[in-house]
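Read top to bottom, the protein sequences are chains A and B. Everything in the first sequence is counted per my numbering, starting at 1 for the first residue and increasing by one. Everything in the second sequence is counted per my numbering, starting at 1001 for the first residue and increasing by one.
Take the hints with a grain of salt, since some may be wrong.
Unchecked claim - To be clear about the criterion: a stretch of chain B counts as covered by chain A if any three or more of its residues have a C-beta under 8 Å from a C-beta of chain A, and this derived list gives those stretches:
no. : stretch
1   : 1305-1316
2   : 1328-1335
As the list claims (entries may be wrong) - Have a look at the derived ranges for each label pair, beta carbon to beta carbon:
no. : chain 1 : residue 1 : chain 2 : residue 2 : range
3   : A       : Leu68     : B       : Thr1412   : 27 to 33 Å
4   : B       : Trp1345   : A       : Thr2      : 33 to 39 Å
5   : B       : Arg1079   : A       : Ala69     : 54 to 60 Å
6   : A       : Thr75     : B       : Pro1163   : 31 to 37 Å
7   : A       : Arg73     : B       : Val1069   : 32 to 38 Å
8   : B       : Trp1345   : A       : Ala48     : 19 to 25 Å
9   : A       : Trp54     : B       : Ser1304   : 44 to 50 Å
10  : B       : Lys1337   : A       : Arg73     : 28 to 34 Å
11  : A       : Ala48     : B       : Ala1267   : 53 to 59 Å
For the record, the hints were derived by calculation from the structure and aren't laboratory data. Because the structure is a prediction, the values reported are computed rather than measured. For glycine and all other residues, C-beta sits at the position ideal for the given N, C-alpha and C.
Residues per chain, in single letters:
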Amino acid sequence: MTDRQEHLTAFLASITAGRNVPIRAGGELQLDSLALLQVVTYLEQEYAIRLSDWDVEPDDLRSVNGILALIERCT
Amino acid sequence: MQPVAVEHPKLPRVEFVASTPPGRLWIAVFSAVALAPSFGYLALVFAAAIGLASFRKTWRRPTVSALAVIVCLFEFVPRWQALALATCWIALLLVWTQIARKGRTVPWLHAISALLLASICVSRGTSFLGGVTAGTLCALVPELLWRSHYWIKWRLRQTGQPPVWNNLFAALPFFAAGGVPFGKGPAYLAKHEAAGPTELASSQIEGVKLLLLAGLWRVADAALQWILWGIPTSWLPAWTPFHRAPLPSMELLMRIPASFALWQRWAALYGELFHAVLALAWFGHTIVAAFCLLGFHIPRNTQSPLTATTIVDFWGRYYFYFKELLMDFFFFPVFLKTSRLAVLWRTMLATAAAAFLGNLYYHAVLYSPILAAGDTRGFRSLLSARIVYCGLLAAGLCASMARALKQPQPRTASPFRRAAQVFVVATFFALLHVWNYGGPPIPMERRLHLWKTLVGVETNLRAIQFQSGR
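Can you make the complete structure from the sequences, with help from the hints?
See the structure below:
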């Protein structure tokens, strides 16, 4: 597991702590609106990505692999 | 994080049986029986499609597209104008998304839809377009609009030329649900498509479970309506004794609230909420089950909303695909575009954009058949009530979001506290339902009057009737 992935997984664990977040095949998370906002602000603050400049859909942020691919694309 | 595997339920033996030819045959036969109350004779076509889609993965998408075309033809053929509109729309969508690469395609889609609705309403009553036909055409627009929106978003992200026929079913309104596309668009469906026989079996088992659950909720809903409001139902045996309904219907409650005791008003209001949840649950489960049986393991539309402890939670659990529509097309874009603001303000703006503006726009399009049918009073009544509904919902969601942002980690609540939270959330949505109720045109004053009587404030209804001229 890379540092980036480890950091992201820890962050996702922190925002979903205490909630029953189902994980589908392919690591897809059923994140609610609030968690999705937290992921957006995490990406903006940690990686200085302005997501509005990129073609991003909410579903891109619903899996660990999707978020990692987005970071890769935008940095 | 407490992961809960939903893709692989702990039933390997059931999955194994479901993946065998007799298991698949049983699933197809069961589907025909269970889908019959909702789809009539078309349930047989569904069952055949489920059988074919299970047989080979490469057959699945073409089969589902063929099924969608058959269902649409079955629904539209009696009204050639609707068939012509749907055909032209889909043809234009396909050509347009082949040509357009990037740019502002989606605003054009909405502008064209608005123009189309306006021209239908204007030409209503002419020899070319009767009132009923105009209403039918207007009802078709939201069904096509939101599916096309998802389709365009998906198509513009494709680098190659994806096979159109394999994805056509995502653009066709073959599960009409007021325009809300269950399973969203091609991109979302692709993510949830069963890859192998085990995933297909798992998806189909979920479909069978959902159909059983839909049947249960349908019977429960019919029983609830019979017990609370004395509404006769074919779901209950004929020998069930006649009884005097203990609670007034919503329409009666709106018209003469003061004729009923305070407890009856509140009980009727909660009863209406239960009825709304049950009706949406069995309706949504049926559609999601059909997708699951066809091999698309999409999430449930309704997930125990009456156990929600916050308004945001209820909103996400009550009507998942409608919430996703507002989230995808209103909330998320606004949140991204306001990155210069503080998180709290961004959240408030995005929530207001989705819950108020987006919700209102969706319903204005949805109500357009009423306008096309010439019922201006009914349209005004519904839209004005919807403005209040959306405003109150947005305020509730903003407050709930702000609270959640301040306290992102939910505290462990005692059962009593949790029950109190559930009660507060249910009360909020029960009160909100007063502004959501459709039925015959009801003036704003009557809805407001009902609210007042719920807190014991009795106003002179005759004075209201006199003032409003009704």
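Structure-based check of all given hints:
1. Check result for the stretch 1305-1316 of chain B against chain A: holds, 3 residues qualifying (beta carbon to beta carbon below 8 Å, three or more required).
2. Counting residues of the stretch 1328-1335 of chain B whose CB falls under 8 Å from any CB of chain A gives 4; the rule of at least 3 is met.
3. Under the hint 27 to 33 Å, the C-beta atoms of Leu68/A and Thr1412/B, about 32 Å apart, fit the expected range.
4. Separated by about 34 Å at the C-beta atoms, Trp1345/B and Thr2/A satisfy the suggested range of 33 to 39 Å.
5. Taking 54 to 60 Å as the suggested C-beta distance range, the pair Arg1079/B and Ala69/A does not conform, at roughly 45 Å.
6. Under the hint 31 to 37 Å, the C-beta atoms of Thr75/A and Pro1163/B, about 33 Å apart, fit the expected range.
7. Between Arg73/A and Val1069/B the Cβ separation comes to about 36 Å, which falls inside the hinted range of 32 to 38 Å.
8. For Trp1345/B paired with Ala48/A, a C-beta distance near 20 Å keeps the hint of 19 to 25 Å intact.
9. Taking the beta carbon of each, Trp54/A and Ser1304/B are about 36 Å apart, not inside 44 to 50 Å as hinted.
10. At roughly 19 Å, the beta carbons of Lys1337/B and Arg73/A sit outside the given window of 28 to 34 Å.
11. Between Ala48/A and Ala1267/B, the C-beta spacing of about 55 Å keeps the proposed range 53 to 59 Å intact.
This entry does not satisfy hints 5, 9 and 10, going by the numbered hints stated previously.
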